[in-house]
Every structure is written in structure tokens, then in C-alpha cells.
Amino acid sequence: MSGVLPRAVVIGASAGALQALSQILPELPADFPVPVLIVVHVPADRRNMLAPLFQAKCRMLVREAEDKEPAMAGTIYFAPPGYHLLVEADGSLSLSSDEEVLYSRPSVDVLFESAADAYGPNVVGIVLTGANPDGAQGLRAICESGGTAIVENPADAYAGTMPEEALKACPKAHVLALGEIAAHLLRVCPA
Amino acid sequence: MSDIIEDIEIRLLLEALYQRFHYDFRDYAQASIRRRLRQARDQLGFANFSALQEHLLHDDDMLPRLLGYLTVQVSEMFRDPSFFRTIREKVVPHLRTYPSLKLWVAGCSAGEELYSYVILFREEGLEDRTLFYATDISEEALAAASRGIYSLDRIRTFTENHRASGGKSSLSDYYTSAYGNAVFDKSLRDRVVFSDHSLVTDAVFGEMQFVSCRNVMIYFNRELQDRAIGLFNDSLMRNGFLGLGSKENLRFSRHADAFTDFVREEKIYQRREQ
Ligand SMILES: C[S@@+](CC[C@H](N)C(=O)[O-])C[C@H]1O[C@@H](n2cnc3c(N)ncnc32)[C@H](O)[C@@H]1O
Numbered sequence: 001m002s003g004v005l006p007r008a009v010v011i012g013a014s015a016g017a018l019q020a021l022s023q024i025l026p027e028l029p030a031d032f033p034v035p036v037l038i039v040v041h042v043p044a045d046r047r048n049m050l051a052p053l054f055q056a057k058c059r060m061l062v063r064e065a066e067d068k069e070p071a072m073a074g075t076i077y078f079a080p081p082g083y084h085l086l087v088e089a090d091g092s093l094s095l096s097s098d099e100e101v102l103y104s105r106p107s108v109d110v111l112f113e114s115a116a117d118a119y120g121p122n123v124v125g126i127v128l129t130g131a132n133p134d135g136a137q138g139l140r141a142i143c144e145s146g147g148t149a150i151v152e153n154p155a156d157a158y159a160g161t162m163p164e165e166a167l168k169a170c171p172k173a174h175v176l177a178l179g180e181i182a183a184h185l186l187r188v189c190p191a
Numbered sequence: 001m002s003d004i005i006e007d008i009e010i011r012l013l014l015e016a017l018y019q020r021f022h023y024d025f026r027d028y029a030q031a032s033i034r035r036r037l038r039q040a041r042d043q044l045g046f047a048n049f050s051a052l053q054e055h056l057l058h059d060d061d062m063l064p065r066l067l068g069y070l071t072v073q074v075s076e077m078f079r080d081p082s083f084f085r086t087i088r089e090k091v092v093p094h095l096r097t098y099p100s101l102k103l104w105v106a107g108c109s110a111g112e113e114l115y116s117y118v119i120l121f122r123e124e125g126l127e128d129r130t131l132f133y134a135t136d137i138s139e140e141a142l143a144a145a146s147r148g149i150y151s152l153d154r155i156r157t158f159t160e161n162h163r164a165s166g167g168k169s170s171l172s173d174y175y176t177s178a179y180g181n182a183v184f185d186k187s188l189r190d191r192v193v194f195s196d197h198s199l200v201t202d203a204v205f206g207e208m209q210f211v212s213c214r215n216v217m218i219y220f221n222r223e224l225q226d227r228a229i230g231l232f233n234d235s236l237m238r239n240g241f242l243g244l245g246s247k248e249n250l251r252f253s254r255h256a257d258a259f260t261d262f263v264r265e266e267k268i269y270q271r272r273e274q
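Residue numbers (UniProt numbering), protein chains in the order written: chain A, 1 to 191; chain B, 1 to 274.
If you are wondering where the hints come from, they were derived from the structure by calculation, not from laboratory data.
All C-beta atoms, glycine included, are put in the ideal place defined by N, C-alpha and C.
Among these hints, one or two may not hold up.
So, partial list: chain A residues that the calculated Cβ filter (under 7 Å) puts toward chain B [what the hints assert, rightly or not]: (1) ASP67; (2) PRO80; (3) TYR83; (4) SER96; (5) GLU99; (6) VAL101; (7) LEU102; (8) SER104; (9) GLN137.
Please model the complete structure; the sequences and the hints are all you need to start from.
Structure below.
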């Protein structure tokens, strides 16, 4: 095994995602040592406004993920609306237009399960606010392969269902307040 | 890390599928293939992929069931309406200059994309001079495509898409409703050839003015994408058009130089002159 240093951070969020991510992503430095892959549930017919929106606030590069591109350190990738985002064993990204999972495409579970396969213990999975169970199975997969799991404290979350379900599936996950997550990431992913 | 044994089993299973039945999924993007195979394993009730493989090799009805999982059929008429609007406004004027046309819809699934083109070409007065080729590796999908029957609950999306694509008539002009289904007019198929064709294992079969291959190559790894794009390159006449899915592009392909961006944001390319 290649030790415990993460090779990627994966994040899933739904209702309340923008406010939650706004408390985390701008805190990360331009040279954050791993890629950050994010699924936010947005309607498929919207052009992705997330990347430009966050690029304006963040020091890391922010982009919408493209099929077959390598995931680079220092970069935040959002799944495009209407497509699942998956990561391959060689660290490249792929998109798929498979069926929705739990009424969602992109799906947090799909990203997280592929990240568990690709990175094993070397991945940090974070489930944030949301009003559905997406992300729970995926976080379980990350826990089972020895990765680090973080869940936003459901009590403070804008919508508590997603973090609650994730905690049920992965009881040993760290429960953190939104304001603590960036600092925690900087500790587990040292530059 | 994904289980080493599982990786071995998946590789062997895909090899068996290829050697025995000539369906080649070996160079598909691994992460989504693995996801779909796990679904197949669990829903078909096997403890592991080796058990599934044994049945695949010895049990006649396992192949279609497994293929059902491997070739996911997700489609929509006039999917990404701005793509079809661009075809109407920017590509059709070029196509009008040809006395006869061939259009190839590669990976046509259950026909939604094909009918979108046929309807668009009819509305633009090009249908009569066009031959449409609709190909896929899934027999089930091809059969559904040649039936042209879709559940009525999908029609609202299709209708909205058609309108947003600049449709010149009402989508309801092209189908009749029966028993919860929309049955598309069979005259829409008068000029269509349906055929089994794999972008992985089969060759070029004609010279086209337009190739549409949307949301198929995202399932391939880079080498396989290159092979498919090579086929399109060989198949297209000079200045012929290639339309890809909204999240696909030629950037990583070694054939990228053979094409120019025609409308970049819609992923419509044109084969270069030389
Ligand atoms: C997601 S659907 C895309 C349908 C349609 N083109 C669209 O964009 O709406 C992918 C299709 O590709 C087909 N396919 C998969 N592998 C293929 C191959 N090697 N050659 C041709 N078609 C393939 C599948 O059977 C499926 O019908």
C-alpha cells in the first residue's frame, strides 16, 4: 500500500450545496496537493454555472470535468449537469449518461464508489447537506476500502437527510461543522 | 483499491465474452463497466463474476441478459435541443448543396436520436434525398428503433425538446397515441437502414456527409475513442460533418487534426479539406 496520504478529495452535496461549498472551497490554497472532485445535484437542463461561480471565489483552479482528462492537483472539478462523473484507476476522469441513481445524475454514490475503487485508502470522501440518501452507499464504499470519511454535522446542515444517511452507512466517519472542514482537509492533505 | 481478484475476474469475463461471442468490451472505460457488471452480478443473483462467466459460457440465455446490463440505453429525442437547432441553422444550409445525402447515426440506441434527424430533415425538405443509417451493437435497441414506439410519459420531454430545437411543426404530427404509447409514423423509416455494427470491431461501410455519434464514446477508453474517430474520419467525405455528445470532444484524439471545429460549443466538427 502507498501509505495514507490522500490522492484525491471527493465531495457530494445537494440542497444547500452552494452555501456549504462556499465555506470550504475558498479556504483551500492554490497549491492544494490533490484534485477535488465534486458532485452537486443540479437540474440537467442548466448549463453548469458552478465552475464560473466558484472560480470567482477560489484560489484553486475550478472547472467542469471533461471526459478522459487527468484529474490534476490544485484543481476542483464539478460533474457536468446530466452526467455521472467517475474516476478511473489511472486517475483520469470519465463521464457517463447511465440511468439516474436515486433520481440523481450526477450521482454522489457513482463518484464515490469509483473513487473507492481507484484510490482505495488514499481518498477523502465528504458528504454535505442534502435532502436525500445519495452519497451514503458511496461513503460506505470509501470507508470499507480504508479511506477517510467526513460528514457535515447533520444538526447544523441546511438539509440533514444526506449527512444522516451517510452517517448510518459509515458510522466511523468524522462529524464536522462546515467551518471545520477546510482546516481538517489541510491537515490530512499536507502540501 | 478495487479488489485484485475482482479485477482479474472482470478481465476474464470480458475476454470470455469476446472470445465466445465477439462482443468486445475490453477497452471500455473501466469504472462504469465495473459498476454495470456489479449490478448484473447482484441482480442476476451470482456470488461473483466467475460464476457469472460459467453461465455465460454454458447457458444460452445468459448473453442477452448480460448485454442488457452492459449496453445502457439512455436517450431522448432532440436531446440537447441547441445541438439540433444548430444543425438546422448552420449545417442544413451546407447539406442543401448536395443532390444526395448519407447520414450515419452510430450507437442509435432505441432510435430517439435517429427519429430526431429524420423529422428535422423532413421539416427542412432534405428527407427525400437522404439515406439514414442507424447502427448499434444492441439487437434489442435496434429492434426498438425499428418499431418507433415510445411510452407517452416520455413525449412531453420530446415535444419540449423538439420545439426548443426550432421544430417547424408539432411533434404530434408524427405519431399516433395508442395504449399509453406514441407510435411514430412508419413513413419516417422509409429511408432508414438499421444495422448491427460495432465501432470496436467493425469497419467503415460507406461514404457519409454526416456522422452523428453522441454519448457512445464516453464509454470507451482513449484508444478505443481513437479507433472510432478513425472510422468516422475514413467514412466522412471531405467537409463532411461529425456531431458528438455535449460532453465529448476530439481534443485527446490523434485524429484531432483531421477535423476543424464547426460549432465548437455544440461539438459539431467538419472534416478537413485535404
Ligand atoms: C447512452 S446510449 C446513446 C444513445 C444516443 N446516441 C443518444 O445520444 O441519445 C449509448 C449507445 O451506444 C451503444 N454502443 C455501445 N457500444 C457500442 C459499440 N461498440 N458500437 C456501437 N454502438 C455501441 C449502446 O448499445 C447504446 O445504444
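How the hints compare with the structure:
1. ASP67: 5 Å, holds
2. PRO80: PRO80(A) check passes; min Cβ-Cβ to chain B is 6 Å, inside 7 Å.
3. TYR83: 6 Å, holds
4. SER96: 5 Å, holds
5. GLU99: With a minimum Cβ separation of about 6 Å from chain B (threshold 7 Å), the hint on GLU99(A) holds.
6. VAL101: Cβ of VAL101(A) sits 9 Å from chain B, so the hint is violated.
7. LEU102: Status violated, d = 14 Å.
8. SER104: 14 Å, violated
9. GLN137: Hint violated; GLN137(A) Cβ to chain B Cβ min 11 Å, cut 7 Å.
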